[in-house]
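> Those sequence lines, one after another, are chains A and B.
Each residue of the first sequence is one higher than the one before, starting from 260 at the first, in my numbering.
Each residue of the second sequence is one higher than the one before, starting from 260 at the first, in my numbering.
Keep in mind that the hints were calculated from the coordinates and are not lab data.
Treat the hints with care, as some may be off.
Some, not all, of what chain B presents toward chain A, calculated at C-beta under 8 Å [stated by the list, open to error]: (1) 353; (2) 358; (3) 363; (4) 443.
In the DSS-like style, the derived pairs of lysine-lysine whose C-alpha atoms are separated by at most 30 Å in a straight line are [what the hints assert, rightly or not]: (5) B:557 <-> B:387; (6) A:313 <-> B:452; (7) B:268 <-> A:268; (8) A:452 <-> B:305; (9) B:570 <-> A:570; (10) B:557 <-> B:295; (11) B:452 <-> A:305; (12) B:305 <-> A:570; (13) B:269 <-> A:387.
Backbone N, C-alpha and C fix where the C-beta goes; we use that ideal spot for every residue, glycine too.
There are 2 protein chains.
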Amino acid sequence: MISQTIVFKKRILIADVASIAGPKEAQGPLGKYFDKTLDDDLLGQKSYEIFESKIHRCVIGYLLNKTKTRCDELNFCIGGDLNNELYATSFAMRELDIPFIGAFAACASYGLSIIIASLFIESGHSQKIICSTSSHFSTAERQFRFPLELSSQRPPSSQWTVTGAAALMLNTLKGKIRVESVTIGKVVDLGIKDSTNMGAAMVPAALCTLSAHLSALNRNPSYYDLIITGDLGVAGSELLRICAKKQQLNLNIPLYSDCGCIIFDSDKDSGQGGSGAACSALVFNAYVFKKLLDKTYKRVLFIPTGSLLSKTSCLQRQSIPAIAHAIAFERIQRGGE
Amino acid sequence: MISQTIVFKKRILIADVASIAGPKEAQGPLGKYFDKTLDDDLLGQKSYEIFESKIHRCVIGYLLNKTKTRCDELNFCIGGDLNNELYATSFAMRELDIPFIGAFAACASYGLSIIIASLFIESGHSQKIICSTSSHFSTAERQFRFPLELSSQRPPSSQWTVTGAAALMLNTLKGKIRVESVTIGKVVDLGIKDSTNMGAAMVPAALCTLSAHLSALNRNPSYYDLIITGDLGVAGSELLRICAKKQQLNLNIPLYSDCGCIIFDSDKDSGQGGSGAACSALVFNAYVFKKLLDKTYKRVLFIPTGSLLSKTSCLQRQSIPAIAHAIAFERIQRGGE
Numbered sequence: 260m261i262s263q264t265i266v267f268k269k270r271i272l273i274a275d276v277a278s279i280a281g282p283k284e285a286q287g288p289l290g291k292y293f294d295k296t297l298d299d300d301l302l303g304q305k306s307y308e309i310f311e312s313k314i315h316r317c318v319i320g321y322l323l324n325k326t327k328t329r330c331d332e333l334n335f336c337i338g339g340d341l342n343n344e345l346y347a348t349s350f351a352m353r354e355l356d357i358p359f360i361g362a363f364a365a366c367a368s369y370g371l372s373i374i375i376a377s378l379f380i381e382s383g384h385s386q387k388i389i390c391s392t393s394s395h396f397s398t399a400e401r402q403f404r405f406p407l408e409l410s411s412q413r414p415p416s417s418q419w420t421v422t423g424a425a426a427l428m429l430n431t432l433k434g435k436i437r438v439e440s441v442t443i444g445k446v447v448d449l450g451i452k453d454s455t456n457m458g459a460a461m462v463p464a465a466l467c468t469l470s471a472h473l474s475a476l477n478r479n480p481s482y483y484d485l486i487i488t489g490d491l492g493v494a495g496s497e498l499l500r501i502c503a504k505k506q507q508l509n510l511n512i513p514l515y516s517d518c519g520c521i522i523f524d525s526d527k528d529s530g531q532g533g534s535g536a537a538c539s540a541l542v543f544n545a546y547v548f549k550k551l552l553d554k555t556y557k558r559v560l561f562i563p564t565g566s567l568l569s570k571t572s573c574l575q576r577q578s579i580p581a582i583a584h585a586i587a588f589e590r591i592q593r594g595g596e
Numbered sequence: 260m261i262s263q264t265i266v267f268k269k270r271i272l273i274a275d276v277a278s279i280a281g282p283k284e285a286q287g288p289l290g291k292y293f294d295k296t297l298d299d300d301l302l303g304q305k306s307y308e309i310f311e312s313k314i315h316r317c318v319i320g321y322l323l324n325k326t327k328t329r330c331d332e333l334n335f336c337i338g339g340d341l342n343n344e345l346y347a348t349s350f351a352m353r354e355l356d357i358p359f360i361g362a363f364a365a366c367a368s369y370g371l372s373i374i375i376a377s378l379f380i381e382s383g384h385s386q387k388i389i390c391s392t393s394s395h396f397s398t399a400e401r402q403f404r405f406p407l408e409l410s411s412q413r414p415p416s417s418q419w420t421v422t423g424a425a426a427l428m429l430n431t432l433k434g435k436i437r438v439e440s441v442t443i444g445k446v447v448d449l450g451i452k453d454s455t456n457m458g459a460a461m462v463p464a465a466l467c468t469l470s471a472h473l474s475a476l477n478r479n480p481s482y483y484d485l486i487i488t489g490d491l492g493v494a495g496s497e498l499l500r501i502c503a504k505k506q507q508l509n510l511n512i513p514l515y516s517d518c519g520c521i522i523f524d525s526d527k528d529s530g531q532g533g534s535g536a537a538c539s540a541l542v543f544n545a546y547v548f549k550k551l552l553d554k555t556y557k558r559v560l561f562i563p564t565g566s567l568l569s570k571t572s573c574l575q576r577q578s579i580p581a582i583a584h585a586i587a588f589e590r591i592q593r594g595g596e
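Please take these sequences and the hints and turn them into a complete structure.
Following this line, the structure appears as structure tokens:
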């Protein structure tokens, strides 16, 4: 049987990362780690979607500056977001003179972009690729749940879509953290229909990808210093821990964490925690990447999760298919710089 | 400067293709070329979206049968469609036990999927990948233009979204047609805001990709036996011909054609011709691929085009960013079978 897990032969390195976080995210526990934080989530733009595309464009520009890279030195940008037809990403890309590949895995789009970019570099045909994503509380809520103006009460199972944008640059020459292996997920749908309970919808996909990854590489969870899922939230990540235990996989704290659980302080607003494409991307860029660099972690398994529901599928009372992709990052022994 | 064009070193071959076309497409000039045609565009399903996901699932199943391939022999499925959050593709994939990568380039999603799949195979980590797409007149119209129930009059510049699904399998061992090279497009937006004039919005992107491709490989249009764009339609393809001429690129008939122009008989309903993700995919699978096999053509440059607009961006009166990707197919000298 063919494996869904790929171990890379080339050194695929993260040259650098960039992150822009919204006001609520800035006040959360990771506030100090973001490159830039915003006081406002509209900044005078005419719509939240346009604002989201602006910060998506900005985070790529910021990364280009940070890495002193010109657009014509990049092979590709690969990215996506939660908006219909990748509104934020497409509109950001029209301002950049860089070939573009649209990737979609809902809240796991950043992870999927990193996977596609890694395989492009492994093919020998790319040297420098930027992966990017964004999400916005107000662009997401009205798509998947209720228009904000309705002021619908949020059930305790709900999560809070993160406002922000994140980008990273992969290359073959510069960097201390490499993409060691990836596992590409399958679409899993066990019948959850509640669009305010994303954690429950995504746990089966996360478990499926995690166990495929570990089994393909004959590893235990403890092979990693940190296993971090995308945005299962508090109840979702507890559910994953319970389900994993039944497969003899111990996801104890602090080995296991979830981006959705650590981006916000626990409060009644954010419910089970953060979600959205920028949730796992911001946590990875701002926190996990830095902790890999400062040697807190050597090996991290990053498993962004995505719910493939749409406004239309919700209104048509369909259940929620979900997907999770896994990426193993590793600090290399000697700096590649 | 880094090139956006990639020439493959490996033999990346089309093992086979499959196509399912809707009733209007079946009655068009290519009717006899489709594998399966439908008399009805709902077939008792509760919604057009569910119907679209069913035919998307069916076309993959049909291709698996045709090529006698089990799901576990495939590395990946790569695909996308025009629905919010890739509704049709995601819901098709939940019924298949195959790792899935979501690709989005609007009506060029099939082409983008073939590009990603080719690079995955070139990397040495994949041997068999299915690329798929679908679109449906009724799922698209209500997103990008008006709900059908409004019975809005269609302006003469409009195109008719194709109903259908298409899939192809790439592999390294079997087949007579190879993916020789690809050019990944940039997002181009010259300010067209009319969502009923897709041709005008996409011509700049098509020309940009075409001229980048030819210039990177130092080729003339006449290097190919056929250059075929995705869905510029009658006026759009004429506009491309005029703009290309200004760059000393002769896109004369019969060298140049457009999938949107040949899928329907000219009638007032279909306006400028076909559009939608299934338009270029069905024409490629049903017609171009067969004409490569029967030696009518040896080399074909396929340039699917996509308008990256959304219902939201239209309502917000934004202009329409567009993208085009190019794929050069070639009949190999000796059959690889």
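> Now tell me if each hint is right for this structure.
Tested hints:
{"no.": "1", "hint": "353", "verdict": "holds (4 Å)"}
{"no.": "2", "hint": "358", "verdict": "holds (4 Å)"}
{"no.": "3", "hint": "363", "verdict": "holds (4 Å)"}
{"no.": "4", "hint": "443", "verdict": "holds (4 Å)"}
{"no.": "5", "hint": "B:557 <-> B:387", "verdict": "holds (24 Å)"}
{"no.": "6", "hint": "A:313 <-> B:452", "verdict": "holds (19 Å)"}
{"no.": "7", "hint": "B:268 <-> A:268", "verdict": "holds (18 Å)"}
{"no.": "8", "hint": "A:452 <-> B:305", "verdict": "holds (17 Å)"}
{"no.": "9", "hint": "B:570 <-> A:570", "verdict": "holds (12 Å)"}
{"no.": "10", "hint": "B:557 <-> B:295", "verdict": "holds (26 Å)"}
{"no.": "11", "hint": "B:452 <-> A:305", "verdict": "holds (17 Å)"}
{"no.": "12", "hint": "B:305 <-> A:570", "verdict": "holds (16 Å)"}
{"no.": "13", "hint": "B:269 <-> A:387", "verdict": "holds (22 Å)"}
Violated hints for the displayed structure: none, as all numbered hints are satisfied.
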